[in-house]
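Chains A and B, in that order, are what the protein sequence lines are. Residue numbering for the first sequence follows this note's numbering, starting at 1 and increasing by one per position. Residue numbering for the second sequence follows this note's numbering, starting at 201 and increasing by one per position.
Hints may be right or wrong, so weigh each one.
[Unchecked claim] Simulated pairs of lysine to aspartate or glutamate, EDC-like, Cα-Cα distance not exceeding 16 Å:
id, chain 1, residue 1, chain 2, residue 2
1, B, Lys216, A, Asp70
2, B, Lys248, A, Glu22
3, B, Lys363, B, Glu335
4, B, Lys358, B, Glu379
5, A, Lys16, B, Glu234
6, B, Lys216, A, Asp37
7, A, Lys23, B, Asp242
8, B, Lys252, A, Glu150
9, B, Lys358, B, Glu400
10, B, Lys344, B, Glu400
11, A, Lys48, B, Glu335
12, B, Lys209, A, Glu150
13, B, Lys248, A, Asp87
14, B, Lys209, A, Glu138
15, A, Lys144, A, Asp65
16, B, Lys344, B, Glu286
17, A, Lys9, B, Glu238
18, A, Lys96, B, Asp287
19, A, Lys190, A, Glu132
20, B, Lys289, A, Glu132
21, B, Lys279, B, Asp242
22, B, Lys390, B, Glu350
23, A, Lys16, B, Glu241
24, B, Lys289, A, Glu22
25, B, Lys209, A, Asp87
26, A, Lys96, A, Asp70
27, A, Lys48, B, Glu222
28, A, Lys163, A, Glu138
29, B, Lys363, B, Asp384
30, A, Lys48, B, Glu245
31, B, Lys209, B, Glu222
32, A, Lys9, A, Glu22
33, A, Lys157, A, Glu132
34, A, Lys48, A, Asp65
35, B, Lys279, B, Glu350
Don't read these hints as lab results, they were simulated from the structure.
Protein chains: 2
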Amino acid sequence: MNYPADLAKLISYYQKLPGIGEKSAERLAIATLEFSDEEAEDFSEVIKSSKKNLTRCSICGHLTDKEICDICSDNDRNKNVICVIEDYKSIFSFEKTGTFNGTYHVLNGLISPMDDIGPEDINLSSLINRVEKLEHPELILALKPTVEGEATTLYIKKILENKNVTISRLSYGIPIGAEIDYLDNVTLEKALEDRKKISE
Amino acid sequence: MNYPADLAKLISYYQKLPGIGEKSAERLAIATLEFSDEEAEDFSEVIKSSKKNLTRCSICGHLTDKEICDICSDNDRNKNVICVIEDYKSIFSFEKTGTFNGTYHVLNGLISPMDDIGPEDINLSSLINRVEKLEHPELILALKPTVEGEATTLYIKKILENKNVTISRLSYGIPIGAEIDYLDNVTLEKALEDRKKISE
């Protein structure tokens, strides 16, 4: 396809983004050309400034433009409850539920012996530091139910065994709205295992 | 949602793009943060430069970074055949078919008495100029089958009546792959009208 050079380049950048194919990238690039001069200037600017200004919270590892993120510096949040996640992106999902009032800890990865990723390669020592400073903290492990997630969960459970920490993990089970007939075996098995008593 | 300021702004720009909702905009913005510094710089730059460098071809009105676009300046294209379109974006679609070897003319709009858009408000006089310089040109009208498209088609047909121009329009009909059972009445009616004899 014979696009003018700048348009071709713009399309190629949109194509680098997740879920954007050739056709969508063309559409987005053309829509960008239709931005006003001010908008284009501003959009261009924020791509650079966001790369420069956004770093990681020195406590929890969340994305922030400050030394300490808004969640860690919010006095209304329960610092004794720490939700442990693989990736900061999950924080946006949790925050959207609007019901979690604790704090987070971003591991930036999971233990994976297959890929030569050990406990020292992820953001774990700072979690242990945080836990040790608290009186009776609660950890909620929100790691994905894969071999790596399980390995990391087990490791954290083991190293914090005698440290007076309550540890839980997210429940596995049937996603809301799902048809039980169409659920995969493993999810159904987990939903049985994690079944919740509703009457004695 | 409490995004850091730069991230919120980046998300808001992605949301201005067609077909990008809140969730996708967040995904694209975060993916942009994961670009390398060079990529972010370059992406940012091309958004500005494309706005600055891309103008319209002085002959046909196509998007170009030159005075005359690649198609109009290509000696292998048949200058006697002009495909008339509403919007330059259609050119990319036609070019992808790879079978059209003529040139284009972008009207930048359609005649619409309802919206007070007359023949003088669209890029028509330059089309007549082009036609008048050619010996026996062929015009292919590729305008959408709406009231405005029909009005523009009729107007062009009328003003070029005695100018030795062959004029055709794209055929209406069944899109390839469609189920005839599910076609709308109007398309089916047009497909009947535009039916093609395949044997005498």
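Results for each hint:
1. Annotation: proposed proximity of B:Lys216 to A:Asp70 is violated, straight-line Cα distance about 27 Å (limit 16 Å).
2. About 21 Å separates the Cα atoms of B:Lys248 and A:Glu22, which puts this hinted pair outside 16 Å; it is violated.
3. Restraint check for B:Lys363 and B:Glu335: satisfied, since their Cα atoms lie roughly 10 Å apart, inside the 16 Å limit.
4. Between B:Lys358 and B:Glu379 the CA atoms are separated by roughly 36 Å; this puts the pair beyond 16 Å, and the hint is violated.
5. Proximity of A:Lys16 to B:Glu234 is assessed by CA-CA distance (about 11 Å); at most 16 Å being required, the pair is judged to hold.
6. Note on B:Lys216 and A:Asp37: the hinted pairing holds, with a Cα-Cα distance of about 14 Å set against a maximum of 16 Å.
7. A threshold of 16 Å between alpha carbons decides the hint, and for A:Lys23 with B:Asp242 the separation of about 21 Å lies outside it, so the pair is violated.
8. This hinted pair does not check out: B:Lys252 and A:Glu150 have alpha carbons roughly 52 Å apart, beyond 16 Å.
9. As the CA atoms of B:Lys358 and B:Glu400 are separated by approximately 32 Å, the hinted pair breaks the 16 Å bound.
10. With a C-alpha separation of about 31 Å, the suggested pairing of B:Lys344 with B:Glu400 is violated against the 16 Å cut-off.
11. Our distance criterion of 16 Å between C-alpha atoms is broken by A:Lys48 and B:Glu335, whose separation comes to about 53 Å.
12. Between B:Lys209 and A:Glu150 the alpha-carbon distance is near 37 Å, which puts this suggested pair outside the 16 Å criterion.
13. This hinted pair does not check out: B:Lys248 and A:Asp87 have alpha carbons roughly 32 Å apart, beyond 16 Å.
14. For a cut-off of 16 Å, the pair hint linking B:Lys209 to A:Glu138 is broken: about 35 Å separates their Cα positions.
15. Annotation: proposed proximity of A:Lys144 to A:Asp65 is violated, straight-line Cα distance about 27 Å (limit 16 Å).
16. In summary, the hint linking B:Lys344 to B:Glu286 is supported, as the alpha carbons are separated by about 8 Å, within the 16 Å threshold.
17. A threshold of 16 Å between alpha carbons decides the hint, and for A:Lys9 with B:Glu238 the separation of about 14 Å falls inside it, so the pair holds.
18. With a CA separation close to 40 Å, the supplied pair A:Lys96 and B:Asp287 exceeds the 16 Å bound.
19. For a cut-off of 16 Å, the pair hint linking A:Lys190 to A:Glu132 is broken: about 32 Å separates their Cα positions.
20. Between the alpha carbons of B:Lys289 and A:Glu132 the distance comes to roughly 61 Å, so the proposed pair goes past 16 Å and is violated.
21. Only pairs whose Cα atoms come within 16 Å are accepted, and B:Lys279 paired with B:Asp242 is rejected, the gap being roughly 37 Å.
22. For the hint linking B:Lys390 to B:Glu350, the alpha-carbon distance of about 13 Å falls within 16 Å, and the restraint holds.
23. Of the supplied pair hints, the one linking A:Lys16 and B:Glu241 holds, its CA atoms being roughly 14 Å apart against a limit of 16 Å.
24. Between B:Lys289 and A:Glu22 the alpha-carbon distance is near 14 Å, which keeps this suggested pair within the 16 Å criterion.
25. Of the supplied pair hints, the one linking B:Lys209 and A:Asp87 is violated, its CA atoms being roughly 21 Å apart against a limit of 16 Å.
26. Distance check on the hinted pair: A:Lys96 and A:Asp70 sit about 15 Å apart at the alpha-carbon level, within 16 Å; holds.
27. Annotation: proposed proximity of A:Lys48 to B:Glu222 is violated, straight-line Cα distance about 21 Å (limit 16 Å).
28. Restraint check: the Cα-Cα separation between A:Lys163 and A:Glu138 comes to about 11 Å, which is no more than 16 Å; the hinted pair holds.
29. With a C-alpha separation of about 37 Å, the suggested pairing of B:Lys363 with B:Asp384 is violated against the 16 Å cut-off.
30. At most 16 Å may separate the alpha-carbon atoms for a hinted pair to count; A:Lys48 and B:Glu245 meet this at roughly 9 Å.
31. Proposed proximity of B:Lys209 and B:Glu222 is supported: the alpha carbons are some 12 Å apart, at most 16 Å.
32. For the hint linking A:Lys9 to A:Glu22, the alpha-carbon distance of about 12 Å falls within 16 Å, and the restraint holds.
33. For a cut-off of 16 Å, the pair hint linking A:Lys157 to A:Glu132 stands: about 14 Å separates their Cα positions.
34. Between A:Lys48 and A:Asp65 the CA atoms are separated by roughly 14 Å; this keeps the pair inside 16 Å, and the hint holds.
35. The straight-line distance between the Cα atoms of B:Lys279 and B:Glu350 is roughly 25 Å, outside the 16 Å bound, and the hint therefore fails.
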